[in-house]
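Taken in order, these protein sequences are the chains called A, R, G and H. Sequential numbering of the first sequence, starting at 178, is according to my numbering. Sequential numbering of the second sequence, starting at 3, is according to my numbering. Sequential numbering of the third sequence, starting at 14, is according to my numbering. Sequential numbering of the fourth sequence, starting at 196, is according to my numbering.
None of these hints come from the bench; they were simulated from the model. Using N, Cα and C, we set each Cβ at its ideal position, and we do this for glycine too. Be a bit skeptical, because a hint or two may be false.
Said to hold, decoys possible - Under the rule of at most 20 Å between Cα atoms (straight-line distance), these lysine-lysine pairs were calculated in the PhoX-like manner:
1) H/K230 / H/K372
2) H/K354 / H/K230
3) A/K280 / R/K172
4) R/K92 / G/K44
5) R/K172 / G/K98
6) R/K123 / A/K212
7) H/K372 / H/K320
8) G/K126 / R/K172
9) R/K92 / G/K88
10) R/K90 / G/K165
11) A/K365 / R/K5
12) R/K92 / A/K465
13) R/K90 / G/K137
14) R/K274 / A/K278
15) A/K282 / R/K274
16) R/K5 / A/K278
17) A/K465 / R/K99
18) A/K187 / R/K172
19) G/K44 / R/K172
20) G/K29 / G/K48
What the hints assert, rightly or not - A few chain A residues facing chain R, derived, Cβ under 10 Å:
21) A202
22) L260
23) P264
24) F288
25) P337
26) G390
27) S406
28) I409
29) E411
30) S412
31) L413
32) D415
33) I424
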Amino acid sequence: MKIKTTENYKIELLFSAVSFFSLLALFLIFLTLAKESFHSIKEIGLIKMITSSEWYPTDEENPAFGMLPLITASLYVTFLSLLISIPIGTLSAVYISEFAKPKAKLFLKSFIEIISAVPSVVFGFWGIVFLVPIIQKLFDLPTGYCILTSSIVLGIMAVPIITSLCEDALNMVPSSLREASYALGAEKHTTIIRIIIPAASSGIFTAIILGAGRIIGETMVVLMLSGGSAVIPESLTDPARPITSAIASEMGETVVGSLHYSSLFTLGLILFVITVILSVLAQYISSKYSLKLGKGR
Amino acid sequence: MKKVLFNHAIKSIFFLNILLVILIVGFIFIKGYKIISLKFLFTMPYNSMTEGGIFPALVGTFLLTSLSIIFALPPGVITAIYLNEYVKNKHLINIIKISINTLAGVPSVVFGLFGFSVFVKFFGFGVSLLSGAFTLSIVILPIFISATIEALSAVPYSLREASMALGATKLYTIRHTVLPAAFSSIMTAIILSTGRAAGETAPILFTAAVFFQKNLPDSLFSPVMALPYHIYALMTEGTHPEKQVAIAYGSALVLIITVLFLISLAVFLREKRRRYVNFKH
Amino acid sequence: MLTLNIKEELNKTEEKTKIKVKDLNFYYGPKQTLKNISMDIYEKKVTAIIGPSGCGKSTFIRLFNRMDEFVLESKSEGEIIIDGKNILEKDTDLIDLRRRVGMVFQKPNPFPKTIMENIAYGLKVNGWKDNFQIETRVIDSLKKSALWEEVKYRLKENAYGLSGGQQQRLCIARCIAVRPEIILFDEPCASLDPISTAKIEELIMDLKKDYTIVIVTHNMQQAARISDYTAFFLMGEMIEYGLTKNIFENPKDKRTEDYITGRFG
Amino acid sequence: MYRYFEDEIKEVKEALLNMSLYVEDMIYNSVLALKTTDTDLSKKIIEEDDEIDKIEIQIDEKCTEIIMRHHPLARDLRFVLATLKINNDLERIADLAVDIAWRVIEISRGENGKIAQEIEGMGIKVKDMLRNSIKSLTEENYELAKEVITSDKEIDALKNGIIEEILRNTDKVNLRKNLSLILAVRHLERIADHCVNISEDVIYILKARVVKHHKENL
């Protein structure tokens, strides 16, 4: 009996070791990115890289590694696509959670989940063959590959993600609140605006943060649709090169160990830090939120 | 008046949302369905990618996803078991759960960088099936763990109690009661993760995928073609865009059908079981 | 002289102590859920524990087979002596203890397996290999739990196909298959209809011949019907303990009287 | 659970039956003692009463326990309630038999002749009434219970006849003795009344009808 117990203990120990793999992976990713980007950070300096606006990494005589254009492009694209996906996403969630009939609700939730799995490369492909020509004609541009195109496609892509996260948040609002509001004679739209959305607000906020994290890290769509010019964009119809796009497109061309190679890892590190912060922030808010609604028992 | 407007606004926005998706998928379907044939699926590309099929890309995606599932399965299941069955310390659970969720939020291109630096360079696997599969397995790990935790926690606590009260050890209880009861939901988790792995492009961009390959991959260390990368490459690196776009339509449709089929299957199975479980307990 | 058949078993006082509880305290986090409980539980008798929800009665019997192990941040003091051994000590072999002290839960909890496999589970846990022996024991347990007639042609069917009451009797069969010495019932009829409840109660009365039974129930009538001894718990304290007849006809403590007459609270 | 409840009800029924047999014997012995002025037999009857008292308490306790444990309802409830009353009636009957035994001791010696024979006859009739009332309970026989109730009139008539006769034969010498005889007859008549009570309770159990003071309900 005693032997069995120690055996079980050993297994538990093994299990716990394996369980830390996720944490370890996270740590390893950080370590790898840090190690590879060390070269460029030491050579150029992180602040200088982030603040200068010249990105000519392949210039043979005078390569420049100013990441400002890339970062601004990423922020532009993220902001614009959030502008599209937040209203559509949240309102769709309100529809599913408050208006749809129970049976339809189940179906719609599954449907949203399924379409959120459509691979991003497909969205990028659709953007090229469908949206790019339209944008080009509409605005009379030399090329349809621009911030606007990639933002629209990214926005559409993020809608199901935000919808399903918001729907979860709305679902967590206890039905007693709804009933209480209806019992006081409130109408549906009053109940939704005054009671349900405020009660779910931090959940919706979490959904938006997570959505932002996804958009900023999304690669294929911006890679295929942004146009790729590494200058600070001045208008919506300018082509641009967001961080992910830069990494994906330039990685294949660099010499391993070069300053360019290292600076791409620095970009990865920046992206990693941003998304980790967003993700932890979202989890922090949602854990506080579930405590508030008494779900965290 | 305000009320009517509000309700209509919400409804129309929702249906706009649905319509958009149908537009995208429908557009690709209409353009692509003529291209798909058995020949398209099962022949090699030739004539510098302007003719022929996508067979090597299909094989590559199949190999990549199945390998990555095989790699992700043991740590995924063990982590889920440990979190759901063993740990009592709330802080520990929180730390691991936060790291899983954070890992799920890391951009796929960062996984690509990591895979390149560690598997391709550090371990020296090169751009290969193995590197890609390892990278993909880390990408799907958080999804798989979350789904497996859900599967395990759906097994009623009373079953564990019953088993323990009969004098079974924890391990025996997990092996003979919890895992069998959760088996089908774990299968669902696997299908779900497969669907995700099949559609990922960025992680294999620098770790496994190549645009063109004469032969099918013959070892774990050979680079592979993959369906999502194939679409991307056809659109951006091709030399005969007007001819390649047709193949890209076909490939995109195959990819959509594959992924949506897997995910729908997983979601369908899960919902069906959820209803059954609710009914039963 | 004529003799009367009325049994006087309730007036007998010579009982053998099976479980001896001494100064038991139990803490859940900072909250003390059991306070200074001492009682003797007698062999081959039914002992009922009654009290309002949250009085600690479930916590109490779950200590007898150490199911408290799964409760986070809990602490126990005092002694629970079963057959001369304090089972609260650290070196207790919990696996062996749980084999000797069986438990039936509030909700029927059969495994999602066949009826046969459900009952065989406990035997396999204990290392039984011979299929014939297992089968014999399964049938025997089913007969003892008054389920045999209802399931004898469907042993290979899934246990979830049984009704709630049948499931609970299956759980009892599963419990007695490993031949425990003590059976703990944690509100075994809470989720059952009156007919199934009556069957379970009858079964408990039958089992009394061979097993020491401790039953937690918030149904006082049930305690009155089936138990020989009754303990009344309130806010983690044992208020009164004695022959069921005395507790229900002539309780000594005002709180007990208030509770069983429904004047509580 | 019903099985155990049934067993307990059966136990009580059997106890009642045994008690009634016991009491029947007491009635018979008391009239026998009266006939033969057997003081020894009378003393034995008086002693036996203690036994009956004990049994009464036991049955009472058993009934309380059944109420406590099983919360009987409907027919079972009527049974337990009626049992408590029947139990009481039986005890009273035993007491009356003891009273008769006391009369025998009062009379002590002397010949009672024809009167004693008639009282014995009445005693046997009363004893049969008791037997029938208990039989109607154990056999759940409504007709038999009805018969017991109607036969009460017969006993009343018998009582009146015997008392008339005693009074006719009374003189100064046997006044005291005949008074005891009259009392004994009165006791027997009271026993018959208790038997009627028992039968009424049996009807209450069987038909849930109160026939006490409402003979029209019969």
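Exercise. Of the numbered hints stated previously, which ones are contradicted by the structure, given in increasing order?
Worked result: Hint check: 3, 5, 7, 10, 13, 19, 20, 22, 27, 28, 29, 30, 31 and 32 fail, others pass.
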